[in-house]
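K.L.:
When you get a sec, could you build the whole thing from the sequences and use the hints?
Chains as they are written, first to last, in numbering that gives the first Met the number 0: chain U, 0 to 366; chain S, 0 to 366.
What the hints contain is simulated information worked out from the structure, not anything from laboratory work.
Note that this is a predicted model, so its numbers are computed, not measured.
Each residue gets a CB set at the ideal place from its N, CA and C atoms; glycine is no exception.
Mixed in with the good hints there might be a few duds.
Selected chain S positions facing chain U (in silico; Cβ < 10 Å) [what the hints assert, rightly or not]:
no.: 1; residue: S179
no.: 2; residue: E191
no.: 3; residue: L202
no.: 4; residue: P204
no.: 5; residue: A207
no.: 6; residue: D208
no.: 7; residue: G225
no.: 8; residue: A264
no.: 9; residue: G327
There are 2 protein chains.
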Amino acid sequence: MSWNRSPLAELLGIEHPIIQAPMAGASNAVLAAAVSNAGGLGGFGGTDTSPEDLRAVIRDIRRRTSKPFIVNLYVGKAEPYVAPSRSEEALMAALQPAHIALEAGDPPGSLDLLARADEQFAVAIEERVPVFSSHFGLPAPSIVDALKANGTRVISTATTVEEAIQLVAAGADAVIAQGSEAGGHRGTFSSEPERAQIGTLALVPQIADAVSVPVIAAGGIMDGRGIAAAIMLGASGVQMGTAFVTCPETGANSAYVRRLLSADAGDAGMTDAVSGRPMRVLRNRLVDLLEQNRAHRIDFPEQLSMTRNLRKAAFARNDDEFLPLWAGQGAPLARALPAASLMKSLIAETERLLGYDESAALALAAL
Amino acid sequence: MSWNRSPLAELLGIEHPIIQAPMAGASNAVLAAAVSNAGGLGGFGGTDTSPEDLRAVIRDIRRRTSKPFIVNLYVGKAEPYVAPSRSEEALMAALQPAHIALEAGDPPGSLDLLARADEQFAVAIEERVPVFSSHFGLPAPSIVDALKANGTRVISTATTVEEAIQLVAAGADAVIAQGSEAGGHRGTFSSEPERAQIGTLALVPQIADAVSVPVIAAGGIMDGRGIAAAIMLGASGVQMGTAFVTCPETGANSAYVRRLLSADAGDAGMTDAVSGRPMRVLRNRLVDLLEQNRAHRIDFPEQLSMTRNLRKAAFARNDDEFLPLWAGQGAPLARALPAASLMKSLIAETERLLGYDESAALALAAL
Numbered sequence: 000m001s002w003n004r005s006p007l008a009e010l011l012g013i014e015h016p017i018i019q020a021p022m023a024g025a026s027n028a029v030l031a032a033a034v035s036n037a038g039g040l041g042g043f044g045g046t047d048t049s050p051e052d053l054r055a056v057i058r059d060i061r062r063r064t065s066k067p068f069i070v071n072l073y074v075g076k077a078e079p080y081v082a083p084s085r086s087e088e089a090l091m092a093a094l095q096p097a098h099i100a101l102e103a104g105d106p107p108g109s110l111d112l113l114a115r116a117d118e119q120f121a122v123a124i125e126e127r128v129p130v131f132s133s134h135f136g137l138p139a140p141s142i143v144d145a146l147k148a149n150g151t152r153v154i155s156t157a158t159t160v161e162e163a164i165q166l167v168a169a170g171a172d173a174v175i176a177q178g179s180e181a182g183g184h185r186g187t188f189s190s191e192p193e194r195a196q197i198g199t200l201a202l203v204p205q206i207a208d209a210v211s212v213p214v215i216a217a218g219g220i221m222d223g224r225g226i227a228a229a230i231m232l233g234a235s236g237v238q239m240g241t242a243f244v245t246c247p248e249t250g251a252n253s254a255y256v257r258r259l260l261s262a263d264a265g266d267a268g269m270t271d272a273v274s275g276r277p278m279r280v281l282r283n284r285l286v287d288l289l290e291q292n293r294a295h296r297i298d299f300p301e302q303l304s305m306t307r308n309l310r311k312a313a314f315a316r317n318d319d320e321f322l323p324l325w326a327g328q329g330a331p332l333a334r335a336l337p338a339a340s341l342m343k344s345l346i347a348e349t350e351r352l353l354g355y356d357e358s359a360a361l362a363l364a365a366l
Numbered sequence: 000m001s002w003n004r005s006p007l008a009e010l011l012g013i014e015h016p017i018i019q020a021p022m023a024g025a026s027n028a029v030l031a032a033a034v035s036n037a038g039g040l041g042g043f044g045g046t047d048t049s050p051e052d053l054r055a056v057i058r059d060i061r062r063r064t065s066k067p068f069i070v071n072l073y074v075g076k077a078e079p080y081v082a083p084s085r086s087e088e089a090l091m092a093a094l095q096p097a098h099i100a101l102e103a104g105d106p107p108g109s110l111d112l113l114a115r116a117d118e119q120f121a122v123a124i125e126e127r128v129p130v131f132s133s134h135f136g137l138p139a140p141s142i143v144d145a146l147k148a149n150g151t152r153v154i155s156t157a158t159t160v161e162e163a164i165q166l167v168a169a170g171a172d173a174v175i176a177q178g179s180e181a182g183g184h185r186g187t188f189s190s191e192p193e194r195a196q197i198g199t200l201a202l203v204p205q206i207a208d209a210v211s212v213p214v215i216a217a218g219g220i221m222d223g224r225g226i227a228a229a230i231m232l233g234a235s236g237v238q239m240g241t242a243f244v245t246c247p248e249t250g251a252n253s254a255y256v257r258r259l260l261s262a263d264a265g266d267a268g269m270t271d272a273v274s275g276r277p278m279r280v281l282r283n284r285l286v287d288l289l290e291q292n293r294a295h296r297i298d299f300p301e302q303l304s305m306t307r308n309l310r311k312a313a314f315a316r317n318d319d320e321f322l323p324l325w326a327g328q329g330a331p332l333a334r335a336l337p338a339a340s341l342m343k344s345l346i347a348e349t350e351r352l353l354g355y356d357e358s359a360a361l362a363l364a365a366l
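P.N.:
Encoded structure:
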């Protein structure tokens with residue numbers, strides 16, 4: 000079972016180098032603890048969560064598991080919040096009928112959803128989370144230093160070789176190589192978006208060649224075949240999002256889970272109309288509406304903030320048309336298994352493919 | 000060395016299940032024979048070649064190797080050639096300065112580059128090529144039947160699960176699962192292009208689950224890591240294009256090879272402005288010019304035909320700005336090795352990663 004003795008598993012203190020992607024909106028304490036208790040690294044995406052609630056979730060995870068877990072936060076942009084524009088009014092008008100249909104009140108004006116990021120980072124520091132990951136680059140050096148001073152492992156997402164090199168230079172303990180198959184937001188932070196949609200199979204070995212920290216493959220990995228492939232490509236472990244959304248412990252509503260379980264790969268399309276940054280989601284009425292109004296698109300995260308009440312109402316009503324259905328291109332391989340069973344299957348499939356073979360591991364280590 | 004005993008290697012009568020992509024414009028008899036003599040399947044892309052010259056190349060390959068090889072042809076569209084339009088005049092005007100600079104004569108009017116496809120298919124049948132592959136779907140049933148009656152193995156490219164199923168239903172002996180990383184034309188023939196850009200790591204297992212013929216992984220595979228990953232994903236072998244363009248035996252000019260060897264993954268972008276169908280190429284002045292004139296874009300292959308003289312002149316002058324520089328997202332991993340050395344390295348890397356392990360192969364076979 001030599002794939003477990005990977006530098007990543009050692010770095011994170013876990014048995015199997017499988018990270019459940021800490022997905023804002025689709026993760027929770029129950030899912031995170033189930034994955035960690037099964038020997039992987041469960042996680043929670045806290046970007047959508049108030050600092051108080053984030054603290055409560057972290058404490059809830061700790062009540063449910065003594066194993067390491069991961070918390071993810073988005074890094075805000077340096078530029079200040081842009082004041083409401085004429086585009087905003089047009090967006091509000093376009094979104095009005097959906098608000099009425101879902102009894103979501105009047106469409107709200109925009110706000111900077113990441114304005115509270117520094118308070119969220121403070122919670123992660125104070126609560127001494129075992130592993131911290133960021134999207135859209137690393138937080139400020141003082142935050143990275145404070146996390147690391149607590150023994151927190153700090154990792155972040157790269158979508159190009161250049162981004163990986165930048166993250167390592169800024170102190171990342173490991174790098175997530177996010178291939179274009181991945182669901183949710185592209186983690187792109189310093190490349191032009193159209194130059195940063197590189198498939199996992201091409202991206203992982205290029206990043207592995209460029210950095211000396213462990214590389215975590217992400218994007219399209221759904222089963223032992225994907226995990227074994229990632230190991231062959233030079234990854235030290237994997238991060239899987241879509242595969243865990245369909246677990247019964249999910250933070251997603253059941254309508255979203257049903258859509259995922261019947262999706263085909265082509266349904267998971269890329270759009271920047273929902274949030275202002277590229278993300279991969281299943282097409283639904285929200286995507287169609289915001290793409291039709293792409294001329295009025297405002298910046299990230301203000302664009303995403305325009306639908307905050309609508310998404311909340313959709314989630315609560317178990318609607319799958321007016322919230323983003325984040326999905327990777329591996330969605331058709333999703334299984335509706337409890338997290339512990341899924342982990343067991345993933346481990347068994349991977350070990351079968353890797354042949355439990357000590358000599359193979361030694362050959363790998365010699366490369 | 001159990002990965003060699005794959006159903007694909009058996010089907011094609013080759014020692015190692017590595018196919019050199021039969022790339023129109025970058026392959027030739029010397030490269031094809033070198034790869035076949037090294038135990039892989041060398042190939043020639045004949046779409047740009049007259050029926051007479053195609054016959055000569057096939058005979059030249061046979062003089063250089065007794066091993067199997069592959070010939071690829073594009074399938075034309077059912078609709079008749081569209082007569083010259085006002086767009087065509089605008090394109091000719093836009094292309095005029097480049098024609099002057101490269102002394103390529105006057106920009107020609109459009110023509111249907113695939114008008115001679117039936118004559119090309121006839122040559123492949125008459126010459127009893129060992130392996131035939133097509134892009135943009137399979138040729139007419141009568142052509143497939145005639146090829147197969149000769150013992151020719153017939154394979155074709157799928158970019159979605161649905162396309163793979165269609166190809167098998169139409170008689171394909173194996174299916175190439177072309178991931179979005181791949182250089183050159185997307186083989187998409189029945190899906191909307193934006194739904195058919197699925198990464199190799201996500202696409203291969205989905206197609207492997209859907210069809211019972213051998214699956215050939217393509218897109219982003221450059222070394223033993225990529226090959227071993229493809230095997231883990233359920234592929235029975237691989238097709239590699241970009242990796243062979245930089246061999247000294249290449250059909251590409253040396254300026255193109257130099258660009259490939261210094262490219263990064265983001266340089267290999269997708270565009271439909273060059274030919275009328277999506278392809279992955281390095282950005283150069285040809286791509287920029289045709290994207291600026293995208294409003295005048297005409298159909299495939301007429302759009303591609305607008306640059307036929309310009310591309311010929313660019314090739315001959317060793318120019319890398321006015322011919323399409325097909326490239327996959329794995330380009331940064333390209334090596335300028337002779338084909339026989341490259342094959343040797345690929346095989347050694349793959350066997351090291353797969354651990355020469357019989358038990359692993361048995362486990363794979365049992366899945």
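K.L.:
Check each numbered hint against the structure and report the violated ones by number, ascending.
P.N.:
Going through the list in order, the structure violates no hint and respects every one.
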